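S.K.: Following the hints, position chain B against chain A.
Protein chains in written order, with numbering that gives the first Met the number 0: chain A, 0 to 274; chain B, 0 to 274.
The set of hints was computed from the structure by calculation and includes no laboratory data.
Nothing false has been slipped in among the hints.
A pair holds if it fits inside one copy or across any two, identical chains being indistinguishable in the list.
The list that follows gives simulated cross-link-like pairs (lysine to aspartate or glutamate, EDC-like), each with its CA atoms no further than 20 Å apart:
#: 1; residue 1: 168; residue 2: 230
#: 2; residue 1: 40; residue 2: 230
#: 3; residue 1: 168; residue 2: 138
Computed from a predicted model, the values in this text were never measured in an experiment.
Single-letter residue listing:
There are 2 protein chains.
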Amino acid sequence: MTMQLAIEVDRADDPRLQAYTSIREKDLTSGHGARFIIEGKVTLETALRRGRFKLGSLFLAKSRLEPLADLLAQVPQDVPIYVAPQDVMDAVAGFPMHRGVLACGIKGDIPSPAEFLSQGIRAAAPSTLLMLSDLSNHDNVGACFRNAAAFGADAVLMDAQCCDPLYRKAIRVSSGASLWLPYAHGGTGMDMVNAAKAEGYEVWAMTPRAGARMLGTLRIPEKLAILLGAEGPGLPDALISAARPVRIPMSSGFDSVNVATAGAITLAHVFGQRT
Amino acid sequence: MTMQLAIEVDRADDPRLQAYTSIREKDLTSGHGARFIIEGKVTLETALRRGRFKLGSLFLAKSRLEPLADLLAQVPQDVPIYVAPQDVMDAVAGFPMHRGVLACGIKGDIPSPAEFLSQGIRAAAPSTLLMLSDLSNHDNVGACFRNAAAFGADAVLMDAQCCDPLYRKAIRVSSGASLWLPYAHGGTGMDMVNAAKAEGYEVWAMTPRAGARMLGTLRIPEKLAILLGAEGPGLPDALISAARPVRIPMSSGFDSVNVATAGAITLAHVFGQRT
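Isolated chain A (complex conformation) (with noise of 0.2 Å):
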C-alpha cells in the first residue's frame, strides 16, 4: 500500500476541519455524537489496526508526517490526511496539541444490549459479557473496557445510563479497547439483565452486601455476565434480585474498592479458573 498525498491547511477556521475544532467544548457536550476523536499515535495505530470504526478523517501537525510514514501507508485511500503546521492546530484544537495526532472517528449505529444479544453473540464457548449499569465516570468506563479486553471478555454491555466509551478520554483510559471491543449501549438496566438472562447467560450482580456468594465459592457457567453498578449507590436492588449476587472476600474495617477494580479482580478470577 502506498501513502497517499496528505492535504495541507493553513487556516484554522477550513470548514474540513470542523471535526476538530474547540475539542474540549466537545468533550463536554457531544458525549453521544456521530463523531468522535482519536488522538495521539498509539490510539490511532490501535484504530488503524484492530480498531472497528470508519475514519472519517485524520489530522496531523505537519512536522509528524515524515516520522509517521509507516503509520500512515496503513491509512485507507479514501479517508483524507489533513496536516496543518503546529499553530494552526492548536487554534482549531483550543489547546495546545503537543503530540500532533488527531483522527476522527465515525460511530455509525451502536445497538442497544437487548439488540446486540439478539443477533447472537458469535464467540465461541465459554463467553463472558461485562455488564455496566449507570457508570457516568469516563475512567471507570475506560478502565471495565480495558479490564475487559485483558481479560477476555467477548464484549462489554451498557445501559443508556452509562457514559459514551468513545469519548476522547474514555479511550485513552480504556488503553484503545473501546475502538474495537464489540459494546452496545441503551435501554435500561433490567432490559439488559433480562436479554443476557433470555440468551441463557447466568448474570453476578457485584455487591458488597452481606448475603451475596463469595466468589470463588461458584463454579464458573459457560455463559456468564459480570455486572457493575455506580461506585457509590452500587446497583439497585431491583437488578440485584434480578442476577445472582455475588461478592468479593474483603476487610471487614474497610469494603470498598473502585468499580472497575471490581470487575478486574471478577475477571481475572473466571479468566484464570477458565484457563
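M.R.: Just chain B now, kept in the frame of chain A:
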C-alpha cells in the same frame, strides 16, 4: 467531649491560615512537605476516627460549623478550628472551596522501608505487604493504598521514586486509606526488596513477562510482599531477578492492566486464599 470554640478569621492574609494558602500551587511543589491538606467531610472523618497523623488545625466555611457539630466534637482540644466566610475561604485556597472543609495534617517522620521492616511489624502472621517502586502517579499510588486496605495488607512500602501518598489527590483516590494504613517511604527499590527478604518475606515481582510463574499456581507464603513497578516500563530487571517473578494470566492479544489493578487482583487472590 465538648466542642471547643471556633476561631473566626475574616482576612485571607491572616497568618494562621498560611497552611491553606494557594492549595493548588502547593500540590505542585510541596510533594514532600511537612504538612499536608485534608479536604472534605468524609476524609476529615477518617482522619479523626482512625488517622495516624496529628492535625495542625481545621479550616471551615462558617456555614459548615453547625452541620458538622458532631464531627467537630471529636477534634482534640489543642487543635484550633478556624472559620471564615465562604468568600474568604475561597480567597485563601485560591479556588472555590465548595465543600468548605479543610484540615492540615502534620506528617512527622516517615521511615524508609528498611527502617520500617527492621522495627518489626506488629501484625499477626500471616502478613502481606504491598511494595511500590517508582510509582510517580498520584492516582495509582492512591488506588494502591485503597486496594491494600480493602484486602487487609499490613502496610505499603515505597521506594524514594514513588510520589507522596499524602498529596491531596492521592488521599482522595485512596478513600482516606493513606491517612491510616501504615506506610514507609524512601531508599532504593533494591534496599526495599532486600530488607523484606531479610525479614523472611517472599517477594513476588509482578510482571507480564513470559517465564514468570502464574498467579494461582503458587502456594501463598505466610509472609508475602507483592512488588509493583511503574506502569509503562514495569519493574527493572534487577528487581525482578532479586524476587520471584509472578504474572497474572491475561488475554494474549492485550496483556495490559493498570498497575494498581494488577495489585488489586493479586491482593484479592491472596486474601481470598487465606480467608
